[in-house]
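Single-letter residue listing:
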Amino acid sequence: MITFNPYAPRLCKLVEVKTETPTIKTFVLEMPEPFHFRAGQFIELTLPGAGEAPFTPSSSPLEHDRLETTVIRTGSMTDRLHEVEPGAWLGVRGPFGKGYPIEKYRGKEILVVGGGCGLAPLRSLIYQLLSESYRYRRISIKYGAREPDELLYRDSYATWTAERPNVDFTCTVDAGAPGWTGRVGLVTTLLSGLDLSLPDTVAFVCGPEVMLKFVTLTLLKEGLSAEQIYLSMNRRMSCGIGQCGRCSIGPYYLCKDGPDMNYAAIQQYENVF
Amino acid sequence: MLERSIVRTDFLPYARLPELRAVLEGRYRVVWQEAARAPGNAACRRRAPASRWKARALHIPSGADFFRPCARKWPSFPWATPAAPVAHQAPPRTDKPLALVNLRPCDLAALRILDDVFLSGDVVDPFYQARRQSTLIVSVDCVTPAPTCFCHLVGGAPFTDAGMGLHLSPLATGYRVHADSDAGERMITELALAPPELREEEELPARRQAAMEALAAANQRFTLTRSPYTTVAERAASDRWQDLFAGCVECGACCRVCPTCYCFYLFDELTGGGQEARCRRCRTWDSCITADYARMAGPPNAKPNPRPRLRTRFANRFDHKYRFHYETSGEYACVGCGRCAEVCMARSDPREVLRVLEQ
Ligand SMILES: Cc1cc2nc3c(=O)[nH]c(=O)nc-3n(C[C@H](O)[C@H](O)[C@H](O)COP(=O)(O)OP(=O)(O)OC[C@H]3O[C@@H](n4cnc5c(N)ncnc54)[C@H](O)[C@@H]3O)c2cc1C
Ligand code: SF4
Ligand code: SF4
Ligand code: FES
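Those sequence lines, one after another, are chains H and B.
Counting in our numbering, the first sequence runs from 1 upward without gaps.
Counting in our numbering, the second sequence runs from 1 upward without gaps.
It cannot be assumed that every hint is accurate.
[What the hints assert, rightly or not] Facing chain B, from chain H, some residues (calculated, C-beta under 7 Å): (1) Pro-48; (2) Gly-75; (3) Pro-95; (4) Gly-99; (5) Pro-251.
For the record, the hints were derived by calculation from the structure and aren't laboratory data.
The model shown is predicted, which means the values in this text are computed figures rather than measured ones.
Every residue, glycine too, gets a C-beta built ideally from N, C-alpha and C.
Looking at chain H on its own, in the form it has when it is part of the complex (with noise of 0.2 Å):
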């Protein structure tokens, strides 16, 4: 007698609905029953009639009765899911993947690299860092955005930092705007010179794909190796447990292997970027 059904999503109430930016919302679902996953893994997030697609929760890995995930309008499921009102019940599954490898780096220095709406996923894993900071000797946040209306949690970023030495927040934008005095340009302007350790550092990207290439390709101008480089990758995915197949980069399937790969395990394959 089969009881559980790993293709069919799990009912969970939508309580509340967050405007982040003109494009981008979060939505906090109440989970029915306490939901563990480790920063970098991701769920399957079912609209009725509209379809399911992959999420990375935004909220953190120490909080089990709720669940939040960041969304950026960008077609079909998301149009439908942005009209959504809190009271709805959504879908979920999973979760799946690896998680970000933390534990291997403690004690040493991570650098967090954002791109527009890719500061979502890395917000659960920035919970989950700044939770035992203490066991990091840094931790550096780079966000980059196309303008300052974009920017994504624009109101915790000194929280983050506020009575934490060794925690530091940048963020820039690639077009200012009336009454932006921060900075402007890429987000790859964030990482020359970096005041890190280079050796002891390990990054961990998300964002478009434009972004993960040119991060990447800084990143290893100014001195990392590709096995200090995590990307989260970013194809289309189906099933998240390994068997749908289309998730592929070279002999890995991003759902199980992934969505965070270390840059040095895919780069000799082609159409990374």
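Fit chain B with the ligands to the given chain H structure using the hints.
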């Protein structure tokens, strides 16, 4: 697990074949895979009934067709106001279990690949598992290869000693029968067979060698000088691909008939509306040769796709089967059954692809 090492070897004279049939049909719903591939095995030959499997395809179905996640719909459940926990499981079957008869060594090799995908990961496919566990597989050594067979080029052979239930090896006067599972063993106990005589056992190596030689002779045109892995790995950027995919119309038939292809897609059907809305999760086969298989979200005319061109999608099929799967498991994800070559309207034959790439 599903298999165990050989538990028993016996001998079934051809004259007693009807008894095996009777015992099988008493216990199982028997699907006789057609044995046109091996005319030498006339004794076991019987046309498949006009089942829905046959109606769909012209090729000889592989065992995979009965297990891998084909089009499937799970029971629908209310969406708008979910009351009870969702019952996702299909109702249990009460009819007789299935016996697949006349699978070939390549079909078994393909099933091992599917087992690896659906049974060995962190999450198993419980539907595949249930069907695999309840199905008796009766396989037979090949005697005469079909013109499209090439298992020997991808590490296989037209015979095997590792069956999955009952395995039959044709000899001059009958079959040598291996039972590899409890169900198989029950079957030969019921028939009260005797162990093979020494003379019969001794016949086997020569027969197997003859089958191998016949296969090599049929493949003379495709004598390869390097391993498929070396060829595909080293010729990834070869201009030769250009000629190879030229006739492909992206119909996906090659993936559809391939016993080792397993890609699928999950989607939902929504019925009713408002408070009455119900949702049904569905699973369907998919093919990596189609353009939207890996297409991702993005602005309307600029959806990122890791394989936007047919050339890379066509090559990806070979990359997966001869290169990436080989890198991770040491085995090819092609068992050389030749089905894709049989159905392709562009006459794309993996042997030809390997041969041309070698040059
Ligand atoms: C591991 C992972 C984590 C992700 N995390 C986030 C996140 O936290 N926030 C966020 O905004 N986006 C995230 N994405 C991207 C997000 O999945 C796509 O933006 C989303 O699928 C777009 O769906 P759509 O229906 O709106 O787009 P359409 O272009 O209309 O796509 C149609 C269908 O294709 C599939 N699809 C399209 N693009 C992708 C894709 N990149 N990956 C998987 N399936 C896809 C989906 O099934 C989708 O419903 C993540 C992607 C992956 C692979
Ligand atoms: S069967 Fe032939 S034409 Fe159809 S997708 Fe495969 S290679 Fe292309
Ligand atoms: S690729 Fe072709 S020859 Fe190889 S297993 Fe699949 S259908 Fe058979
Ligand atoms: S999403 Fe199905 S194999 Fe990765």
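Taking the hints in turn, this is what the structure says about them:
1. Given the 7 Å rule on beta carbons, the hint for H/Pro-48 holds: about 4 Å separates it from the nearest Cβ of chain B.
2. The interface hint given for H/Gly-75 holds, since its Cβ lies 4 Å from the closest Cβ of chain B, which is under the 7 Å cut-off.
3. Hint status for H/Pro-95 relative to chain B: violated, with the closest Cβ pair at about 11 Å, above 7 Å.
4. With a least beta-carbon distance of about 13 Å to chain B, the hint placing H/Gly-99 at the interface is violated under the 7 Å criterion.
5. For H/Pro-251, the shortest C-beta to C-beta distance to chain B is roughly 4 Å, which falls under 7 Å, so the interface hint holds.
The structure is inconsistent with the numbered hints 3 and 4, although it conforms to all the rest.
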